[in-house]
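Student: These are the residues of each chain, in order.
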Amino acid sequence: MSEYTMTALPALGGYQASFDGVTLQEVTATAIVSIAIPLGGDDAMAKALQDAYGTAIPRAGHTSLANDGATRFLGMSSEQMFAVFDHAGAHALDVIAGNLKDAGYYTLQSDNWVALRISGPRSRDALERICPIDLNSAAFPQGKVARTTMEHLGVIIYPDDTDSFILLSGSSSAGSFLHALETSIHNIL
Amino acid sequence: MTQKNRITGGLVDRSTTLNFSFNGNRFQGHPGDTLASALLANGQIMMGRSFKYHRPRGALSAGSEEPNALVQLRKGSHQEPNTRATVAELFEGLEATSQNHRGSLENDFMEITDLFSRFLSAGFYYKTFMWPKSFWEKVYEPIIRHSAGLGRISFEPDPDIYDKGFLHCDLLVIGGGPAGLSAALAAGRSGARVIIADEDFMIGGRLNAETLEVDGISGSEWAARAAVELAAMDNVRLMARTTVYGAYDHGIYGALERVTDHLVTSNGKPRQILWRVYSRRAVLCAGATERPIAFGNNDRPGVMLAGAVRAYANRWGVSPGKRVAIFTNNDDGWRTASDLSRQGVNISAVIDTRDGEPRAQIPGATIAMGGRVMDTRGRKAIHSIKLVDGRTIDADCLAVSGGWNPNIHLTGHQRGRPAWREDISTFVPGQDLPAGMSVAGAANGTFTLAAALAEGHAASDRALSDLGMTPKGGDIAKAEDEAANVTAFWHVSESKARAWLDQQNDVTVKDIKLAHRESFRSVEHLKRYTTLGMATDQGKTANMLALALMAECTGKTIPETGTTIFRPPYTPIPMGALAGRSRGKDFRPYRLTPSHKWAEEQGAIFVTTGMWLRSQWFPQPGETHWRESVDREVAATRGSVGICDVTTLGKIDIQGRDAAEFLNKVYVNGFATLDVGKVRYGLMLREDGMAMDDGTTARLGKNHFVMTTTTANAGPVFRHMEFCRQCLWPDMDVHLISTTDGWAQFAVAGPNARKLLQKVVDSDHSITNEDFPFMACGEITVCGGTTARLFRISFSGELAYEIAVPARYGDSLIRALMAAGEEFNVVAYGTEALGVMRIEKGHAAGNELTGQTTAANLGMGRMVSKKKDCIGNVLSERPALNQDDDLRLVGFKPVNKSEALASGAHFIARGKSAVMANDEGWMSSVTFSPELGHSIGLGFIKSGQERMGEIVRAVDLVHNKDIEVEIVSPHFIDPEGDRLRV
Amino acid sequence: MIINHPHLGPRDAQEFVYLGDASLMDRPDWQDENAADNFHDYLYLRDNPDGEHRELWYHEQGDRSWLVVTRNTLTHEITRVELARDVAIAMRRRK
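Chains as they are written, first to last, in our numbering: chain P, 1 to 189; chain C, 1 to 982; chain Y, 1 to 95.
Since the hints were made in silico from the structure, they are not lab data. Watch out, some of these pointers could steer you wrong.
Incomplete in silico selection of chain P near chain C, CB under 7 Å [claimed, not checked]:
(1) 34
(2) 38
(3) 39
(4) 90
(5) 134
(6) 152
Straight-line Cα separation of at most 25 Å, BS3-like style, residue types lysine-lysine; simulated pairs [stated by the list, open to error]:
(7) C:867 <-> Y:95
(8) P:101 <-> C:702
(9) Y:95 <-> C:868
Beta carbons are placed, not taken as given, at the ideal position from N, Cα and C, and that holds for glycine.
Here chain P stands alone, though its shape is the one from the complex:
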């Protein structure tokens, strides 16, 4: 055994706070693996995804859910998706590679991102101060995802429940992103 131990630190140390009508919390233990579909390999990927997860390749801007509900696939572009699932360790890539075999190219993305959930009846009011995407529940229902920019930072956003959104932004700028969200919440309350 090594004399040194490695401890995983979430980007925001497991932040959680509640405000009047809005709750903001860091989502830890979420794994993100990017899956690139090889040129001409759409059919093979569609089959692999169906066989392993019982779901289809999400179109860009849409998500699909594994039949056990545990893994969500975010359509990032026409040839790239992110698999998002609960996983505590750093071996998430092996999980996806094990399931989808050589149907895709896989890159570990878990630590690239900080994940925050903003929820509550006033979550849209707060987000409308920084998010250019139309978050109206009819325009942006569950099953959609968007990658955009908020306060100069790239952000991936998707609704995961009624009045609840998951936000993924670069882990190195997690502090600034949290500050932007907290400021937005302060400004509407």
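Chain P is already provided as a structure; the job is to place chains C and Y on it using the hints.
Tutor: For chains C and Y alone, coordinates are given in the frame of chain P:
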């Protein structure tokens, strides 16, 4: 003081009294008042001094078009100049002061300028300050600077906060008057997503200023009920105090919401919000602005627009005068007479420029059909008016109506030109409206109530049908169409005294005529020469009159004369609102490396590189100068081992069947032959042959590479490679994704680097020189099974590795490495020591990769493969980039070792003068080398590679330094690279 | 401006980075005998039309796709948006 001009009626809340002050005098008003209505109620007619001549002025209007009644609101750092009293909502304790006078408002020393007005005519600046030349800086400019501007800023940071936001809707309704409310109700009831915005704090527009009825109730009551209905709809957002100020491309509108301006304090919440509104359709219902008539001394306090006088009476229960005269060219002016008369205000006269029968019976009033006002009397407020026929009539308020101009400004924000309508003598929106916009109501020249309500409703229905929705707006609200005939009349030619057109800029009829005589015929030239239509009101009440006058001068029609182009914003936007929250620390985000917290604990000094904060050096107790710290870090690294966080380098994961071939095309050197488990340095050119970026790329698998880029170019390189992949070589199977933030990466450098690493790398991964030689790479585990990547690469010139772990373990890893290195006296080093060691080693970096240097300049010309296609390959062979005396990157050391080199110095041969013609190149990077004990530098000099040992001068004219330097190899330490390979 | 992305629908132009004339996709053959001249023209010669213009935009804050946007330089009207990759593949087939 009592509110001596307060009359009955109005929509102010008389049950509550608000105290406020103006120029230190205490007054009272009521909720619902504007500062202007409250001042008028208290008999304070004079509210400011004019810009150029310091003439006494009062409110002309009752809205955002106001040219005169500009005041300073609040005090200290909250002070805001040039606020229109006519839209400033009254609140308890409001403090306002008038502007642009020295001495008191009543006794302004600068009033003397009015006596010299004949010297201050159009183009006065251009004519007066031409000579003598020497007077400009010493005499003219200080005078102009002192006189310029109206209000005064506080010179303190704005203590308020501002915000921005994004809104989306099917239909944006701009304006909450009858047409706007009708449109919003129709769309809202149909289920469309609607935003309706109005600049006023009270929704209703002119409905609140008139005595007209809608659906059998008063217009103001109907508007109030409509507002309640709209506010209750989930699909409607009703925004009062919100000005839609600009129409941008593709249905995007800018809107400013004044959230707390009407409150005593903003309580730490944003004072204003600048909204970006994305609309699928928009209907402009911005109403109309009344225009004055020009006649002698028409700028005196008490001369007001007739619709404004009526608004003060009907909405605010204020009569601006006790004896009100009306001067009109249209039916609308008569309504001011009858409305005020009905409220018991004495109407002394109605003067109508038109012949024929009086349009209404006004008890006690002198009626002058075909009459004209030619002058007014009364210096600080009028007391009488003089007609062309010689009659003098008592009046302490003159209500003037020259007809109404539709507020078409937003229709012209995208080059749209208005169309002339002769029947109402004004411009209406033209055909080329911004895409998705329609116009309804008075803004469209539809001046009567029933027609405006119908037009708003119809515009909504059309918009919804366009969007594939079914209009279900129900019935149109019912009203009568009031009389609204007008006969064009612009100025009273009999007036001998000065007649004002633009009161804000003190432009008179005479100025326009003079400009015309001096051949300023284009409206755009006229505007710039006379300053007509400039400043806060942008000539909303002035432009039309000036245009009519210009047409008269040139003998053309008004539409032939043209209009000026409208640009955003419709009304002024505070700079703070444009900045939003982007101030101070919020100006931009910052990125932190995973070792940041640890570095803070070590007392590191941080430097900003792009968005990143990086450790620059780590001062130790007793070190007083940064050089002490940096020299120690370098010496300790070269002597034993040092660790540097290099997470900020861009990392791009590249996978695909064609990944190797792709790299062959983006790098000048070959990558297809790179073995799995190996790293190679790569140089990237732009297509024009200039160096773009460099870095190392590791081959982790047959189809899997990890590229590093410089910190600064991570984004641009990624974009460039996506361009290559998608636009140039779409048949290649290659995929890119950034992993910069995903991995914490540390350089471990120095003779003891391996020994240190062996303590943290799990023992089943051998990193001996045999198993893991220079330029090897591999996936390993550390500290008992944690995933890691190890690269044997060196930027410092020492035996070195870069080790990466998933970012979440970065904090643990730096602590583990430092602990493991304790026995070797490990140091942490920052970007300064990194820079010192790379210069000692002769590596090019940002100072050398300037975008103007070629591979040959950098001494890497031979790396550019001629056997393959790659970006920049062809044009790098241009003759101009391949001269015999090309610049070449070499090293420099001072002949006198005690002298310090300076980057930016230029190389000049000994004995030649330091002029451009003798320039041979420049010094790009310098440092003190702890290893060598003297200053060293890298630089570009002509044919440098053939001039080793030659002495030239490094001339730095900025710092007045001229020293002799020797041209040497850029590799100051270990030129054979032995240290790397041990 | 709003760019109607073929996959993602209308998106604010602020998410995009502008490059320029779409002719940059038509990179010359490096082995052609006039390669130097061809590359010079490719890199430095551009039309500057007042009217319809095909140009490259990169959806940096989105799906990282390069788009060929047909935009009227006078009115900013956008009449067509295509994935650059599709355009590039079609160009190759024509050659």
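Student: Are the hints correct? Go through all of them and say.
Tutor: Cross-check of the supplied hints:
Given hint, residue 34 (chain P) at the interface with chain C, holds; its Cβ is 5 Å from that chain's nearest Cβ, closer than 7 Å. Interface restraint check for residue 38 (chain P): the shortest CB-CB distance to chain C comes to about 5 Å, inside 7 Å, so the restraint holds. Below 7 Å, beta-carbon pairs count as interface contacts, and residue 39 (chain P) has one with chain C at about 4 Å; its hint therefore holds. At about 5 Å, the closest approach between the beta carbon of residue 90 (chain P) and any beta carbon in chain C falls short of 7 Å, and the interface hint on this residue holds.
The criterion of a C-beta within 7 Å of any C-beta in chain C is met by residue 134 (chain P), whose closest approach is roughly 4 Å, and the hint holds. Hint status for residue 152 (chain P): holds, given a least beta-carbon distance of 6 Å to chain C, under 7 Å. Of the supplied pair hints, the one linking residue 867 (chain C) and residue 95 (chain Y) holds, its CA atoms being roughly 24 Å apart against a limit of 25 Å. A distance of roughly 16 Å separates the Cα atoms of residue 101 (chain P) and residue 702 (chain C); the hinted pair therefore holds under the 25 Å criterion.
Distance check on the hinted pair: residue 95 (chain Y) and residue 868 (chain C) sit about 21 Å apart at the alpha-carbon level, within 25 Å; holds.
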